[in-house]
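Chains A and B are the protein sequences, given in the same order. Residue numbers are given in this note's numbering: position 279 of the first sequence equals residue 314, and the series is strictly consecutive. Residue numbers are given in this note's numbering: position 321 of the second sequence equals residue 323, and the series is strictly consecutive.
Take the hints with a grain of salt, since some may be wrong.
List time: in silico EDC-like cross-link candidates among lysine to aspartate or glutamate, alpha-carbon distance up to 16 Å [to be verified]:
#	chain 1	residue 1	chain 2	residue 2
1	B	Lys91	B	Asp109
2	B	Lys104	B	Asp118
3	B	Lys300	A	Asp431
4	B	Lys300	A	Asp428
Everything labelled a hint here was simulated from the structure, so no lab data went into it. Because the structure is a prediction, the values reported are computed rather than measured.
What follows is the residue order along each chain.
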Amino acid sequence: MSEAEKRDDGAVLSGPPKSYGTIVWGQLRKRPSAMVSIAVIVLLGAVGVFAPLLGGDVPIRWVENGKVSWPVFHQMTNLEYVALAGFLLVLALPLTMRLFRRGGRGVGTSPFARAMGVHLLVWLLLAATLFLARAPDRAYKAYLDRRAQADGAWFPPIAYPRDPGFKELVENFYEAPSRHHPLGTGRIGDDVLIGIIYGTRTALSIGFVAVGISLAIGVGLGAASGYFGGWIDLVLMRVAEVFMLIPGLVLIIIILAVIPASFPPIWAVILVLGVTRWTGSFRLMRAEILRIRGEDYITAARALGIPTWRLLLRHAVPNGLAPILVGATFGIAGAVFLEASLAFLGLVQTASWGTMLNDGRQHLEYWWVWASAGAAIFVTVFVYNLLGEAIRDAIDPRLKI
Amino acid sequence: MKTYLAKRLLLMVPTLLGMTFLTYAIVRLSPGEPIEAWIRAQTGGMDPVSTFQQAEKIRARLGLKDHNYWGDDVETHLETLEKGGDAAKGRAAAELERITGKTFARDIDSWKRWWDANRADFEKTLIDPLEKALNVFHGYGTWVAHAVRGDLGKSIKFETSITFRTPDGGQSPSGNPFWLFAERVPVTLTLNVIAELLIFLIAIPVGLTAARYRGRLFDRTSTFLLLALWSIPAILMGTLFIALLCRGGQGLEWFPVSGLHSDDADKLGWGAYLADLLWHATLPVVCLVYGGLAYLAKLGRASLLENLRADFVRTARAKGLPERRVVYHHALRNSLLPMITTMVMILPAMIGGSVIVESLFSIRGMGLLVVDGAKAHDIPVIMFGTVLYGFLTLVALLGGDVLYAWADPRVRYE
Chain A
36 MSEAEKRDDG AVLSGPPKSY GTIVWGQLRK RPSAMVSIAV IVLLGAVGVF APLLGGDVPI
96 RWVENGKVSW PVFHQMTNLE YVALAGFLLV LALPLTMRLF RRGGRGVGTS PFARAMGVHL
156 LVWLLLAATL FLARAPDRAY KAYLDRRAQA DGAWFPPIAY PRDPGFKELV ENFYEAPSRH
216 HPLGTGRIGD DVLIGIIYGT RTALSIGFVA VGISLAIGVG LGAASGYFGG WIDLVLMRVA
276 EVFMLIPGLV LIIIILAVIP ASFPPIWAVI LVLGVTRWTG SFRLMRAEIL RIRGEDYITA
336 ARALGIPTWR LLLRHAVPNG LAPILVGATF GIAGAVFLEA SLAFLGLVQT ASWGTMLNDG
396 RQHLEYWWVW ASAGAAIFVT VFVYNLLGEA IRDAIDPRLK I
Chain B
3 MKTYLAKRLL LMVPTLLGMT FLTYAIVRLS PGEPIEAWIR AQTGGMDPVS TFQQAEKIRA
63 RLGLKDHNYW GDDVETHLET LEKGGDAAKG RAAAELERIT GKTFARDIDS WKRWWDANRA
123 DFEKTLIDPL EKALNVFHGY GTWVAHAVRG DLGKSIKFET SITFRTPDGG QSPSGNPFWL
183 FAERVPVTLT LNVIAELLIF LIAIPVGLTA ARYRGRLFDR TSTFLLLALW SIPAILMGTL
243 FIALLCRGGQ GLEWFPVSGL HSDDADKLGW GAYLADLLWH ATLPVVCLVY GGLAYLAKLG
303 RASLLENLRA DFVRTARAKG LPERRVVYHH ALRNSLLPMI TTMVMILPAM IGGSVIVESL
363 FSIRGMGLLV VDGAKAHDIP VIMFGTVLYG FLTLVALLGG DVLYAWADPR VRYE
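Okay, chain B solo, but in the shape it has when bound:
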């Protein structure tokens, strides 16, 4: 078992490297470098030349020797504007205006004149695709080399974390992705673990009853209703909740609409604090629960059906045990096994999917952090988020396997 664990842990390394490389390549090969994206976000559309110089300054300060890909973009869009279809022309013109801050609309001649006049400033940014690809490898190598030494880079979009302060009372290291995530991971984890427990508690009796009365009314209606629930998009369910049950909506005003705490939560005692948290978390948790329910109840039903048909259940019945004992002690116990393993294994997928719920109810969780980071081309945040998600998934898979071996003595890993 120990050897097996060590082997599995070692195998995590290449997988994590593959994942992070995939993500890094995707982000880096896309046009629009992070620094420019940041400057653009700060200033709105401004003169590209001064943006370029500003970016150079920032690069010099951060010690980055990086290329700017704008030249490529401009040339591509000019070509589209000249030869593309009608819709493509509109988009190319909009992109050019966004990049350069000029408003020539679809006037191709004005654009060309401007480009000829300013081309020299972009000369060094026109690099060939091979060099671009090589830059990806170089940049990724640099990221890995820094990351293993604990230097995760600085977030471009997020300055400081709110919760974590250094022991001397100052702010946490500015923009360190680790602290940014450290603040948000517990929020997402809490929501999802509560949701998983609830799913488990509801799915077992439903699956059990459906399996015992297979083909009868309860079985058929529950299967149908759960499938219908599964088909309701979380966005629709959340919107319905907000419209009908939340403050500021159209119906009953029972629940708060955003966040996980009231504004004055800090001043509450722990009991009131917990009640406040539960009150805020009810609707988000319901949104997380209803979808997974169908999947797990179906799994429970299938595995119970299989066990109820097994020889050991026939033996138990044959030796005259009461039906309750046969079902609960013999069949159910064996059916719980695959359910628990599945629960552990689907946790990462649930955490990944909870970004919708976080966004609906304005909860500051890790999903929203990754979305905001991705929108801003914030490489340090994206990369650390990928590492975190990957690590969580790997640990969950391993945990599922280990749990399986622990619960079922027939399973042995060598």
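So here's chain A without its partners, still in its complex pose:
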């Protein structure tokens, strides 16, 4: 190895050039705040997808007349399984990437894209199989009342019903935190910790799905607007301007107030947040594409006769995604935040932390209800903001000066 290949810091330049993602990830790993927030986000995701194993009145293992059964796995819906599989597949991405990197060549599709493709395929196949072939057993059985008779039954650690009946209401409503109820009980005798655990699902699904919808709209329209220009750009910019000018919260309030009550509230929130908050990614994507359009590799790709859709999808859009990633991270925090505000204004009734906080506000003396919900919202919003900050610092070239 010659001296010329050594850099000032002693690192040796060898092997294939580092990809942009690897550089950003390397920057991120140096930041403790980023690592901690990623850990907390994974933990929140785990709490969300494993919620039925953590709290509820459906036993994991049940013994009746000497027969062993696993009720919780029969009761979980297909959607729950699909979410669980998605979570595990995302966690397993680094492993698959390592596999591809070891066996792969230096050039061609990146290990990330290949691993992503394989996992997506597995996930879609699984989802299709589940929805086509499986009917969950959702019949309600009062397992908890027969707990004493069943030897060898395993219940979740917090074994209380999510929606308690009259007995619980009379005996246990607004009970202060104790050994039995670590975070106390709420208005109808419901365990607050169970509410927090299941609220994780609402918060994360609203965050991810709403941001996903708004990204799809924003990136798609932004790419079209920046690449084609002309009247398409003119019209799309006016439309975006209209959406930007009505303050977000006001527009959302107007839409939510007139959505019929028969619409499932969680989908109403997701849809409303998705279709009103796309302007940020639209502007970023448009600006990025305007910059990228003049680059040599785009001209080269066009000279090679690559069709426009492929050029946009493979060459232009991926190179403009970095700033949008930051926006998406903040967007998830913003969506959780907004959902809480909407529940607070009484515009939605989802099983969420916002609703808990709002209910708890009516009785300030039972502080454990609103304090728990508020703390959950704060932690979630904070870790996403921390991660967004860290990614922004990591991709900002000015910091490397």
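Given the coordinates of chain A, assemble chain B onto it according to the supplied hints.
Coordinates of chain B only, in the frame set by chain A:
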């Protein structure tokens, strides 16, 4: 510059039209017409047939030739009740009971019998989607035609404004959205302008210190703490304040919990009146300030860092100016520019977001008016609110640009 201003002002017109059309379409295409919503709110669940006749009477009186969309709703809900999933069935039954006042719960046969018997009354309300969409265009055209002549319609929910009276001592024109908003806009504006000034005053020294000692302890802690503050939802902060600091809460009883004035505020002298106002406004303003602080301090830090690295600062240092002078006269002045522009531009967003604080502390501001109006399908109030918000935002954007050009001679608009 004049041409530029004229062009910008003219461009406001299509944007405002687009905004108002979007809002109008959203409100009108939703099921449940405003007049019925109003009658329902007045009487609770009552017989739909008589509600329908009553609505017809009101329409005739107001000179409206409008359609009633209930027929559509009933049919949709019946279908859901028959074929939908368990949760959807429950919701459909609840909606049917709310619309009709009957209590058949999930008994689909009873509902069908009732619908067959009463269907004739709804026949004319069953209109096809195309006609519904055309109605939106027609209705919007009517609204615009009236609005440009100064006729903003009458609020359905709000009868009169409290503050404004006509010069002869009578009440202001009943339910005119303009007067309803005229009463409430100053409240919201005052709160937000005070909050903005405070944000500015705190963000500058914080950003300045963080930039000067970049990477040191103050920089890192302030960035972290501001981000944490930013992540606290206003509802949680407000609830904590009310629980710990307000009368009737659990802790210190230092502040009043609702409104902007004491009951006897009218009798106070102006000094006491102002003190009373400040006392009431403290907590709401704090709630508005802490969130925006992080954003502006970060912006100030970034722009100062950039300026401290610039050539003119190096020149200033090279010619031997004291460090204080370099920082305050050369770097800071140039950094204030983007901060001021951003302040002006984020004001509309803050005003939009202040509805939470208004609701927390029961302040009669414009945010609450729009929320209440939206809940009641009160089209005149919603539409005028949209126009007002849009106009405020457009003016703020224009103001930001003009300010930028005025402060920075390099910027020229043609």
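Status of each hint after checking the structure:
1. For the hint pairing B/Lys91 with B/Asp109, the CA-to-CA distance comes to about 11 Å; that is within 16 Å, so the pair holds.
2. Annotation: proposed proximity of B/Lys104 to B/Asp118 holds, straight-line Cα distance about 14 Å (limit 16 Å).
3. The straight-line distance between the Cα atoms of B/Lys300 and A/Asp431 is roughly 14 Å, inside the 16 Å bound, and the hint therefore holds.
4. Restraint check: the Cα-Cα separation between B/Lys300 and A/Asp428 comes to about 12 Å, which is no more than 16 Å; the hinted pair holds.
Comparing the model with each numbered hint stated earlier shows that all of them hold.
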